[in-house]
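Please arrange chain B on chain A, whose structure you already have, making use of the hints.
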Amino acid sequence: MRADTTFEGDDLRGSNPKFQPPRYGQYLTAVGQLDQLAQDFLHRRVIHLAVRWMLDQGISVALWGGRHPDQLEAVLGVAAGRSALHSGRESIAS
Amino acid sequence: MQQLAETQMHEVEPESVDIPGTQLRVSRVALGTWAMGRLDVGAEPTSANRSPQSGPLWSRVINLIDTAPVYGFGVSEEIVGQAVGAGRSALTGSHCHQSGPGMARDGKVYRNATRDRIMREIDDSLRRLRTDHIDIYQVHWPDPLVPIEETAEAMRTLYDQGKIRAIGVSNFSVRTDGALPPGCASARAAATLQSLRASHRSADSPLLPREQHRDARVWRALSRAVERPDAGRHHLRR
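Chains A and B are the protein sequences, given in the same order. Quick note on numbering: the numbering used here labels position 56 of the first sequence as 56, and the sequence is numbered without any gaps. Quick note on numbering: the numbering used here labels position 114 of the second sequence as 208, and the sequence is numbered without any gaps.
In case anyone wonders, no lab produced these hints; they're calculated from the structure. Since the model is a prediction, treat every value here as computed from it, not as a measurement. For every residue, glycine included, the Cβ atom is placed at its ideal position computed from N, Cα and C.
What follows is a set of in silico ranges between Cβ atoms, one per label pair, in the way DEER data are often shown:
# : chain 1 : residue 1 : chain 2 : residue 2 : range
1 : A       : D40       : B       : R214      : 53 to 63 angstroms
2 : B       : G256      : A       : F41       : 48 to 58 angstroms
3 : A       : N16       : B       : F167      : 18 to 28 angstroms
4 : A       : L28       : B       : Q117      : 36 to 46 angstroms
5 : B       : L239      : A       : K18       : 23 to 33 angstroms
6 : A       : G9        : B       : D254      : 43 to 53 angstroms
If we strip away everything but chain A, and leave its shape as in the complex, we get:
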């Protein structure tokens, strides 16, 4: 998704406040900054940071949704990068 992405037809995002100005742009900015953080400190992308964070809240299972097969590829980085994400996060916090 980009700032100029339009959600047409029966796309639910077209009426979801989270995808309307000004919040949509704010979310995109936040995600971009977190992605940079994840790359700089953890050598992973924001999607890995997000799932790692969610699992560490104590829930049992996180659902990974996708519409296209290639949206599932990044899931491998969560498992492969578990130690990196944990140790990297320690360094951020310290």
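Positioned in the frame of chain A, the structure of chain B alone reads:
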């Protein structure tokens, strides 16, 4: 990402968790299939993206799939069945986690947790999933018009028939869950699986205990960036 997958595949050791009261040990990342069956959440589906051709790849780290008859009114189940059903044994320990009965079509979605609906819907789901059983079968939503005892007894029947291996609920409050009769011994077990929509939570949510300062720092950065786009940058770069 492809490169990451190839170079680190040998290191992949997916996290897993036991579901209390069952014999299931499932991956902590599960596949959600809502979007696969929906026409209203994104691009028009094509033959390419309606078939999870990357199955062998993601199945290295995921052995739990969440689907429901209401997801595309059967389309998601058909996709899952196509990808996993007949070859379930080939995907090591693959489990279907079905947010099951209680939804119906007729152009719109409504709750229906009657015994008749459940008994009919299970066979439709098994056919679309191309399997003879579902590992965890959840009542998708509470139906205030149907006594929970009726719903529970129907689920128990499916359990006794071997069509489902565990009973659970979804979108129920803890109090409602506790109202399930003793006959549904495994009901609470599967209810530990809950999806989380972090974007609907605030920074003050119980989701974020105060003692978890390390996570809190990342969370605060996100919150500030959302509230004031310029503030987040400063915080992250500090």
